[in-house]
Amino acid sequence: MGLRASSEISLAGTDGTTDADRMTHTIHTTETGETDETGDTDDMADMDDTPVMYVQSSVAGAAKILVVGPMGVGKTTLIGTVSEIKPLSTEATMSQAGARLDTKVRPTKTTTTVALDFGRITLGGELVLYLFGTPGQQRFLPAWKDLARGALGALALVDTRDLEASFDAIGHLEDLDVPFSVAVNAFPDSKLHSEDDLRSALDLLPHTPLVICDAREHQSSVKALISLVSHLIETLTEAP
Amino acid sequence: MSPPGEEHTTAAVRPYVITRGRAGSSREALPLETLVVASGSALPPHLQPEYRRIAEFCQGLLSVAEVAAHLDQPPAVVQVLLADLIDWGHIVARPPIRVAKRKRADLDLLRKVLDGLESKL
Ligand SMILES: Nc1nc2c(ncn2[C@@H]2O[C@H](COP(=O)(O)OP(=O)(O)OP(=O)(O)O)[C@@H](O)[C@H]2O)c(=O)[nH]1
Ligand SMILES: [Mg+2]
Numbered sequence: 001m002g003l004r005a006s007s008e009i010s011l012a013g014t015d016g017t018t019d020a021d022r023m024t025h026t027i028h029t030t031e032t033g034e035t036d037e038t039g040d041t042d043d044m045a046d047m048d049d050t051p052v053m054y055v056q057s058s059v060a061g062a063a064k065i066l067v068v069g070p071m072g073v074g075k076t077t078l079i080g081t082v083s084e085i086k087p088l089s090t091e092a093t094m095s096q097a098g099a100r101l102d103t104k105v106r107p108t109k110t111t112t113t114v115a116l117d118f119g120r121i122t123l124g125g126e127l128v129l130y131l132f133g134t135p136g137q138q139r140f141l142p143a144w145k146d147l148a149r150g151a152l153g154a155l156a157l158v159d160t161r162d163l164e165a166s167f168d169a170i171g172h173l174e175d176l177d178v179p180f181s182v183a184v185n186a187f188p189d190s191k192l193h194s195e196d197d198l199r200s201a202l203d204l205l206p207h208t209p210l211v212i213c214d215a216r217e218h219q220s221s222v223k224a225l226i227s228l229v230s231h232l233i234e235t236l237t238e239a240p
Numbered sequence: 001m002s003p004p005g006e007e008h009t010t011a012a013v014r015p016y017v018i019t020r021g022r023a024g025s026s027r028e029a030l031p032l033e034t035l036v037v038a039s040g041s042a043l044p045p046h047l048q049p050e051y052r053r054i055a056e057f058c059q060g061l062l063s064v065a066e067v068a069a070h071l072d073q074p075p076a077v078v079q080v081l082l083a084d085l086i087d088w089g090h091i092v093a094r095p096p097i098r099v100a101k102r103k104r105a106d107l108d109l110l111r112k113v114l115d116g117l118e119s120k121l
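One line per chain: the protein sequences are A and B, in this order.
The opening residue of the first sequence carries number 1 in our numbering; numbering runs sequentially from there.
The opening residue of the second sequence carries number 1 in our numbering; numbering runs sequentially from there.
By construction, these hints were calculated from the structure, which means they are not laboratory data.
Since the structure is predicted, the reported quantities are computational estimates derived from the model, not experimental observations.
The beta carbon of each residue, even a glycine, is placed where N, CA and C say it ideally should be.
Do not rely on the hints blindly, as some may be mistaken.
Unchecked claim - Pairwise CB distance ranges (calculated): (1) A:Glu84 to B:Ser39: 23 to 31 angstroms; (2) A:Asp189 to B:Gly89: 51 to 59 angstroms; (3) B:His46 to A:Pro188: 56 to 64 angstroms.
Said to hold, decoys possible - Rough simulated footprint, nothing fancy, chain A against chain B, three-plus residues with beta-carbon under 8 angstroms: (4) 28 to 35; (5) 52 to 62; (6) 70 to 84; (7) 95 to 102; (8) 111 to 120.
Said to hold, decoys possible - According to the in silico footprint, chain B covers these stretches of chain A (three or more CB under 8 angstroms from chain B): (9) 49 to 59; (10) 215 to 226.
Extracted from the complex, chain B is given alone in its bound form (with noise of 0.2 angstroms):
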């Protein structure tokens, strides 16, 4: 059932490798809470497994936190693996909704979580 050794070594060790060091690098890292889906588009069948294995999980909207969790990945791989499936057109993302310093629209997205959240009371 479990492969020998040297291949969980380098199955563990692959991530970090086509990553080539970019985790925690420079790139704005993809915030955990951005929303992420298989936009569709057919996978080259030269893509790595470790992209394939994300873009096939994507089926349905989940964060990046999500993704990570579930496979089980450092987030901070995901992250960059993700980053460049996004780029490549494999994957859409909806970024976070965030407090934009304008009372105006911030008023109006804590007014919704208000709502939501005494409908659950």
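So that you can see chain A by itself, here it is in the shape it has in the complex (with noise of 0.2 angstroms):
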């Protein structure tokens, strides 16, 4: 983080954290009596009923890793796994011209949608960090670009019983230079391969970690979360 991230971290120190800060409200709570609007129905009609659970004053800023990988891979069980509030689902927005690979700047107002779904952890107080899962099938690349823009990097999930499946999303990662951990979701009817065969099988890069998970338990989550980070510093701390 730069200069200012940091400065703003000091200066939201000071406004101080209360346990206030992290009650729930409902969204059907209305706080402010004068400024209720009424036969405004429309409005609640649309509100999901999830429960909104404010983020601590204190943070001063979000950081952002992706979850990718096929569909039914696990992104979804993994971040409810590990996230602390109920995962929400929107979508992200894509210009149908970007649809594709060979039409990069062909600007259009048609525009064609991704499912994502998102979880929060808030990390020590002052930083919170939001996990976005997106499906990795090739027309979702456009959508892509924008959801990667300024993440730390991404997990990619991989299902070893269709692992061509995932070749989709770890390529787009590749061609947006978004650094990433592989995370095999050990699933019951799974067979069992060595590591050197899903490296190759995958084509990764020796310094690409590995690791099995299971996206339904919260340490295993965690700790695959971790091997990204810890994968991150170290080409940090390594690169010349």
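Assembling the complex is the task here: the two chains are given apart, and the hints tell you how they should meet.
Dropping the structure here:
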């Protein structure tokens, strides 16, 4: 983080953090009676019913990590396992024209969307980490560009029953120059593979971490994230 | 309980009208992990309900992504409305903390993330 971010952190530290920061509100509660609008029933109808848990006011800013992989690989499960909020879902928009690799810069107003779910982890009271989970199919690449911008890195989930399904996601990360770590989700009917076999099947660079993970387990999922962040630190400290 | 179909359509279309097609336009989109919070400044009485709803929702700090998900609005629309509210001083933003390609600062950030994650084990 740059100088500016650091000074924001020290500033934020002075405005104090109370337990009230962490209290949860339900959206249907209107706190400010005077600004309450009457007859605005559409607003209520549109809202989802997940309680809102605000971020602590001491938090100076957010960082993000992507969780990527093919459909059904366990992205939402992993995000839910580590998140302090119930995972939320929304969508990322991309332009139709950009929907293919070979038509990079033709602007258009037609848009299409890609499902995006996300969770949140507050780290040490001054930083919050968002995990954005998104599928890896080729046609979603343009939506990834905005999402990937500024990401610390990505966790690429792999299901060994269908390794090829993970190729697109890993390829996108390489194309977009997002550093990543691979987490193999073990499913009951997964065959055992040696690490070497997996590495060569996925065509991983020797330094790319490969961990086995159960997305349903907290420890296991946090460790997968730790493997990624440790890798990011190593890359920085080893680089000339 | 549910409003007539016509009103429903209007409600769904309005945000697009209000953003005048700016969603997905050239203005750099507010990153989804930007944290936003109401500044506490009084909202003008004429403020359109789509703006008011967002401003009133942001009583505490939340990411742009959370605002969009909770209000069940497309992020592209919420990004534009929030950017306007920021311009008008009704919302303050805490920009994402990003890897700056400066080794020292990046290492500090990553170590903080690592320490934070390790404390969750
Ligand atoms: N055994 C096992 N099952 C898992 C694991 N991760 C996820 N599952 C199961 O696999 C199914 C799909 O998981 P999801 O988290 O919905 O997968 P996803 O990647 O979000 O899928 P999409 O949103 O469709 O792209 C669920 O039934 C999970 O319970 C894992 O690590 N081990
Ligand atoms: Mg999912």
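Results for each hint:
As the Cβ distance of glutamate 84 of chain A to serine 39 of chain B is approximately 26 angstroms, the hint placing it in 23 to 31 angstroms holds. In this structure the supplied range 51 to 59 angstroms holds for aspartate 189 of chain A paired with glycine 89 of chain B, their Cβ-Cβ distance being about 57 angstroms. Checked against the hint of 56 to 64 angstroms, the C-beta distance between histidine 46 of chain B and proline 188 of chain A comes to roughly 60 angstroms, which is consistent with it. With a cut-off of 8 angstroms between beta carbons, the region 28 to 35 of chain B has 6 residues touching chain A; three or more are needed, and the interface restraint holds.
Counting residues of the region 52 to 62 of chain B whose CB falls under 8 angstroms from any CB of chain A gives 8; the rule of at least 3 is met. Check on the region 70 to 84 of chain B: 7 of its residues sit with their Cβ under 8 angstroms from a Cβ of chain A, so the three-residue criterion for coverage holds. Coverage of the region 95 to 102 of chain B by chain A holds. Counting CB-CB distances below 8 angstroms, 7 residues qualify, and the rule asks for three or more. For the region 111 to 120 of chain B, the stated coverage by chain A is satisfied: 10 residues place a CB nearer than 8 angstroms to a CB of that chain, which reaches the threshold of 3.
For the region 49 to 59 of chain A, the assignment as covered by chain B holds, since 7 residues bring a beta-carbon within under 8 angstroms of that chain's beta-carbons and 3 suffice. For a cut-off of 8 angstroms, the count of residues in the region 215 to 226 of chain A with a CB near a CB of chain B stands at 6, and the three-residue condition holds.
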